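Protein chains in written order, with my numbering: chain D, 4 to 54; chain Y, 345 to 578; chain P, 129 to 327; chain S, 2 to 208.
Hints were generated in silico from the structure; no laboratory data involved.
Everything hinted at is true.
Now the in silico label distances, taken between C-beta atoms and shown as ranges: (1) L573(Y) with G186(P): 17 to 27 Å; (2) N326(P) with T87(S): 32 to 42 Å; (3) S411(Y) with R154(S): 30 to 40 Å.
The list that follows gives simulated cross-link-like pairs (lysine-lysine, DSSO-like), each with its CA atoms no further than 30 Å apart: (4) K86(S) with K491(Y); (5) K211(P) with K491(Y); (6) K86(S) with K221(P); (7) K350(Y) with K44(D); (8) K41(D) with K350(Y).
Owing to the predicted nature of the structure, the values given are computational and were not obtained by experimental measurement.
We put the CB at the ideal spot given by N, CA and C, even for glycine.
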Amino acid sequence: MNELLDMGGYAIFVWSSYGIFFFSLIIFFLINISNLRKYEKIFNKTKNKIE
Amino acid sequence: MYIKIKNNHIEFIKSANPYLIFATIFAFVIGLYYSLFQSPPDYIQGDSMRIMYIHVPSAWFALMTYSILAGSCVLWFITRNPLFNVVARSIAQVGMVFTLMSLITGSIWGKPTWGVWWVWDARLTSMLILFFLYIAYIFLWQAISNKELASKISAALAIIGFINIPVIKFSVDWWNTLHQPASISKLSAPSIDVSMLIPLFIMTAACFLFLVTVSLIRFRLVLIENKMLRTSSL
Amino acid sequence: MNELKTENLSCKRGENIVLNNINFSIKSGETLVVKGRNGSGKTTLLRILSNFITSYEGKVLFNDVGISDDNLYNSKFNLIGQKNSLKENLSIKKNLELWDILFNEALNHAKLLEHNNLYHLINKDVSSLSDGQKKCISLHRLNYNKCDMWFLDEPFVFLDEVNANLLIEKINQFNENMGTVILTSNINLPKKFHKEINI
Amino acid sequence: MSNLIKRDLLLSFYSSANFFFTVSFFILILMLIPFAFGTQTEQLKVLFRGVVWIALALSIIITVDRIYNDDYEDGNLDIIMQKNKTTEYLIISKYITHWFIYCLPLLVILPVLSFLFYLDYLETVQIFINLFIGSFGMVFIANFVSALTLGARRTIFLKAIIMIPLFVPFIIFGSDAGSWPILLALSMLSFVISIYVTAYGLRLYGE
Numbered sequence: 004m005n006e007l008l009d010m011g012g013y014a015i016f017v018w019s020s021y022g023i024f025f026f027s028l029i030i031f032f033l034i035n036i037s038n039l040r041k042y043e044k045i046f047n048k049t050k051n052k053i054e
Numbered sequence: 345m346y347i348k349i350k351n352n353h354i355e356f357i358k359s360a361n362p363y364l365i366f367a368t369i370f371a372f373v374i375g376l377y378y379s380l381f382q383s384p385p386d387y388i389q390g391d392s393m394r395i396m397y398i399h400v401p402s403a404w405f406a407l408m409t410y411s412i413l414a415g416s417c418v419l420w421f422i423t424r425n426p427l428f429n430v431v432a433r434s435i436a437q438v439g440m441v442f443t444l445m446s447l448i449t450g451s452i453w454g455k456p457t458w459g460v461w462w463v464w465d466a467r468l469t470s471m472l473i474l475f476f477l478y479i480a481y482i483f484l485w486q487a488i489s490n491k492e493l494a495s496k497i498s499a500a501l502a503i504i505g506f507i508n509i510p511v512i513k514f515s516v517d518w519w520n521t522l523h524q525p526a527s528i529s530k531l532s533a534p535s536i537d538v539s540m541l542i543p544l545f546i547m548t549a550a551c552f553l554f555l556v557t558v559s560l561i562r563f564r565l566v567l568i569e570n571k572m573l574r575t576s577s578l
Numbered sequence: 129m130n131e132l133k134t135e136n137l138s139c140k141r142g143e144n145i146v147l148n149n150i151n152f153s154i155k156s157g158e159t160l161v162v163k164g165r166n167g168s169g170k171t172t173l174l175r176i177l178s179n180f181i182t183s184y185e186g187k188v189l190f191n192d193v194g195i196s197d198d199n200l201y202n203s204k205f206n207l208i209g210q211k212n213s214l215k216e217n218l219s220i221k222k223n224l225e226l227w228d229i230l231f232n233e234a235l236n237h238a239k240l241l242e243h244n245n246l247y248h249l250i251n252k253d254v255s256s257l258s259d260g261q262k263k264c265i266s267l268h269r270l271n272y273n274k275c276d277m278w279f280l281d282e283p284f285v286f287l288d289e290v291n292a293n294l295l296i297e298k299i300n301q302f303n304e305n306m307g308t309v310i311l312t313s314n315i316n317l318p319k320k321f322h323k324e325i326n327i
Numbered sequence: 002m003s004n005l006i007k008r009d010l011l012l013s014f015y016s017s018a019n020f021f022f023t024v025s026f027f028i029l030i031l032m033l034i035p036f037a038f039g040t041q042t043e044q045l046k047v048l049f050r051g052v053v054w055i056a057l058a059l060s061i062i063i064t065v066d067r068i069y070n071d072d073y074e075d076g077n078l079d080i081i082m083q084k085n086k087t088t089e090y091l092i093i094s095k096y097i098t099h100w101f102i103y104c105l106p107l108l109v110i111l112p113v114l115s116f117l118f119y120l121d122y123l124e125t126v127q128i129f130i131n132l133f134i135g136s137f138g139m140v141f142i143a144n145f146v147s148a149l150t151l152g153a154r155r156t157i158f159l160k161a162i163i164m165i166p167l168f169v170p171f172i173i174f175g176s177d178a179g180s181w182p183i184l185l186a187l188s189m190l191s192f193v194i195s196i197y198v199t200a201y202g203l204r205l206y207g208e
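Isolated chain D, as found in the complex (with noise of 0.2 Å):
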């Protein structure tokens, strides 16, 4: 196990890239959904005003 966090003493770089990268995409992820959710809200609300 100290082996795979060491990474052979380049720890600080492939698990900083890794972190940065999934932390970013799955920051971007939930960003689309819950705006996603926000919109189709709004928007139901619009349409049954019009209907």
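Let chain D serve as the given structure and place chains Y, P and S on it in line with the hints.
Only chains Y, P and S this time, still in chain D's reference frame:
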């Protein structure tokens, strides 16, 4: 040629969404397992080689997304089919994220390999400019209040950017031969071992699934946005 | 004898319809008042008639020729839009000089501006004028370009009674000289003109 | 066409502050070199070749709003477009006036500046030729960006983000002495693209 987006298409995309999310997560987990545990360290670069498994797919998809973006803008101008505009707008931001990721992971990878965070060579510079093209495309659309006009103008800009990229690549190559006579040993053509190819392939597939998933979510978002623009302006 | 007419003119902006089935015809010496609420497409109609907007359905015919096919059409009208076409940081005199060059025509500004009692202001910066005065100078553009048609977008906005009457007089005179006027308005005008449509 | 050129020149003469501003801006950016990097002759010579391009790019960027935006916002563009049914003439005369008003003064002042930076005649001529040819290409690019972004008001930063990537090839080749043929090719390419895109932008504006 004229493809109209019907309600049942959107329903289909909606119903496919959870499966796609699941598949993406699954692919990333498998890919992580392979790239961090199962693949051997490179005999020159050691374990820092593992950054390649996320760097290379994101660079590929950054370029591929821009090609799709510019291609759908061209198709939109030719066919006048609004679907292509929606595709361009839903894919742009994912491309921007991939470009940013490839820049960041690339420079983190560059530190142990080259000894520096950044090298002013053609590939990296054109990637940086690609990032600004994405930014210009996205923010120009937001800056123009007439959204129909905004789509047309940012599409024209995307096509001009697509012409610009090879010009920049060519000129930076030229510039490098003049200003930096091989001061930094670049990576020679990598002869990738099969054991490295497998995680790379899985990670590429995972990134592709991510691209598709988020693009489809944004596709729905953009469609709703369009509808809202229409109803509010009536 | 000129005739300008539209046949089933419709215009879409994205998905929403701005103009729907506009039909009118107007001959030399007549004035058409286009009425409608804010945002009903009056300005769009004038911009279609002056060849700025080319993506519309239906026909716009000038003497039975489509206006976008007629190469001389652009020199046959004067459009006074809602923007004043004045450079705010320059004096009136300099603005008029710029117009003279642009229209390729030197007018006797002294005589024409005296009419509206504006000539004594000629060395003042445009930014120091009131909206009504700016509108008067903007309408002064009608003296250029001896043409067949005037398209006026909300010409009476900001004008006081005296200037409005002067403008009406001017329009009448132009009509007598066989000129066509199309003007938009969202308020009731002090005088009845020949024709009126609601959009 | 000649009317429009005459009118634009007169307009820039009347608001001659603009003209002095760009020249002063250009000189001041170059003046920053010795302050930032010291006054060693050799270093100044090298830096001048590069920074003169950056100064040119920046002075073109700050003038981009004056090409079409000012006329668009006060409504003069309506008159201009009505008077010039063939948009190409309009666009070409705008190229000419924009280059004449904002680039020519910089080129005129350039020899003086290059002597201040200890460059000899030959080097000055080389820089001048490069700058002369490259400035046309940059003007073409500035024109189409200006026409395309008519709908987006007061977004000079966004315009800079759009324009700087397009300027990159010019700046790369500009700082090499003998690369004027490539600059010429780039300028011609940008002319071809620019004339289509500007016409497209103006047509969209008209709607």
